[in-house]
Amino acid sequence: MPWNGHREITLQVNKADGNFSSAFCVLFRLNALRKFTGKKEYRTGEVPGENMTDPITWIANWLETILEGIGLPVGIMVLILTVLGVLIVVIFVLAIDIFLVWMERKVVARFQDRLGPNRVGPYGLIQPIADVIKLIIKEDTTPKGADVLIYNIAPVIALASVLIIWAVIPFTPTLVGAEVNIGVLFIVAFGGIGTLAIIMAGWSSNNKYALLGAFRTVAQVISYEIPMVIALLIPVIFAGTMSIQGIVNSQELWNIVIAPVAAAILLVSSIAEIGRTPFDLLEAESEIVAGFHIEYSGMKFGLFYAGELLHALTIGALFSTLFLGGWRGPFVEQIPVLGIFYLFGKAFLVYFLIMWIRYSLPRIRIDHMLNFNWKFLTPLALIALMVTAILDKLLTDFSNITYAVIMLVVNLVLIWAVIMVLRIYASGERKKVGELKPTANADAVLSTFGKDVSSAQETSGAST
Amino acid sequence: MGAEVRKTMIPISWFLIFAAALFSIGLFGVLSRKNAILILMGIELMLNAVNINLIAFWRYRDSLDISGQAFAVMVFAVAAAEVAVGLAIFISVYRRRGTISADEIDLLKW
Amino acid sequence: MSFEQVVFILVAAGTLGAALLVVTTRNLIHAALWLIAALFGVAILFVFLNAGFFGVVQIVIYIGAIAILMIFAIMLTRQISSEKSARFNKNWLWAFFISIIFFAGIAYILSLWPEFGTTKPILSAEIDPVKQLGVALVSPQAYLLAFELASVLLLAALIGAVIIAWEQR
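Chains as they are written, first to last, in my numbering: chain A, 1 to 464; chain B, 1 to 110; chain C, 1 to 169.
Pulled out of the complex, with its shape left as it was, chain A reads as follows (with noise of 0.2 Å):
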């Protein structure tokens, strides 16, 4: 498999633990090691955080050795430097997050050929902090009967389940909020938390409508779990570890080169995991008012929007982390800090590609739509599965350029099979539908009547 052998002093170090623990302790752990072993095997062939091409490493170091200059216990310290880093993350996160409500509203406008918001602030730039404090300052009800703890908790868990997703995703070649051996399991975990606040807003609201929009929601996005979780197994495959810094590593050709039916069902079960078009009758205003955020008002209905959002941005990272390189790019080796710009250019690409699914097609019907997975996306998946593990087992002994193309025809050949099938199958569906009735004409009615044509054209000219 095409891995390069570099060994991470990160993966060695923590591989023991399996514990969680933030970027700075990671590297409290390194310059440790450091210390103690003389090692000097690092993938940049210098030590991190010694100039400021590394900067956040470099302010890690600084601080620890304040902090250490105090004369705290090791443990205080390490939980200061964990949740500072903690801090710093999510408070990224939310920052750009803020920026995704203006793009999202930019971009529909254009695709929908208008401006978008251009009064507030140049290019509206202010538009999303006015959304803000328009919903801060909204009246924030709950219905009676509502179960009040849990109605809530639950805005707060559907964003939590998706800042969380944040921890595991690695910004640059040293930093990397948790770095477990199993990240992309701990991202399947905490994709189902999702479905829970989704319960829990629908049942609380004590509302018909939210109950049945939740219900709705939930069977969605169990049912597009699956083949979801199968195309996450095949970059983990082709890297030999499931930890996403290791995936990443072992990118020297993008994965979505040697794999592009695994790219396009993560990226289709995704966009229905995070509930939009064209998966998105969750909250079909025309059809379940809103679905099972019906309940909520101001700033509750506000977290649930900027978790969605988030959530889109997050798919994008993740894609452009396991399929498009992450932090790959050039001169990332010498100046690990250009990482931060390429994973984020790659995941704002993914996310407009999202969005631009969106804003053209339309809803399609629920049963359409676990059809759609059940009976086409998750046969496909296992396949998908079935035949890279098969081929990378006999593959092994090869060079790596042989790999990825005999991988690639194999994946154009499979796509090939698919779209013969689907087309016997439409064939099928039409002959079953019969042939295309002709829509009707002038000559046809009037030739019926036969009469006196000025009556036969005046019923004919309201008929048509």
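The hints are simulated quantities; they were obtained by calculation from the structure and are not laboratory data. Owing to the predicted nature of the structure, the values given are computational and were not obtained by experimental measurement. We treat Cβ as the ideally placed atom computed from N, Cα and C, and that holds for glycine. One or more of the hints may lead you astray.
[Claimed, not checked] Computed from the model, here is a short list of chain A residues facing chain C with C-beta under 10 Å:
#1 Asp147
#2 Val180
#3 Met200
#4 Phe215
#5 Met242
Place chains B and C on chain A using the hints.
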């Protein structure tokens, strides 16, 4: 931290006592609640206590012998299968008898 | 009291408290949510035991699937009178005594075990428990048969659940 020796001072007794307590709470739930779904929740608590025991013994005794973890995986699978079938049975019973309280379902086919 | 011990005591106390609330609360949905809190506490304890894989699998299977299934089942089998009827059946006092005696008995028997107070040995850094588990589950000398039987069991449960809950019209 790191290459130093981790001075963890949690003896295995804490985990075992915790698992025993969780198991007895689950046992109380199974024996004393009326609603069948709550009985199932008690069973889930007991299975979780068993899992904690298995993994604690794996960690504290011989972490190279993977059979503790393999057993725990089987317990997960069995618990999931049992909950699925159990809840299907409860829903079916609810449709026929209109109740799911273990006190009231005490006669065979009436 | 080291930091780790404090965190363990807090998590364990929280889990046991949530479990107690599961078996004593009147409202069914609240019981399901307290069950989720208890399962989450158990997942945290798995991470304490350096079995991070099991912690995450616990969240995926128990919280992401089993607990949600239970919530659905509660919603589908609601009885109007369940809020007012008694929580416990008529034998609850006996159940209470049996639980206490059981817990005391197990704790006593375990304390007779000579290695009851062992502390955690150091894990060697070369082995990766996840990889070991994966290899053990698919190697014929290890647990392949159990693995395949578990998958057949899950298939049987899937088919059985669908058929039992099928509405006969």
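We went through each hint and held it up to the structure:
no.	hint	in the structure
1	Asp147	7 Å, holds
2	Val180	6 Å, holds
3	Met200	7 Å, holds
4	Phe215	8 Å, holds
5	Met242	7 Å, holds
Against the hints set out earlier in the document, no violation occurs for any number.
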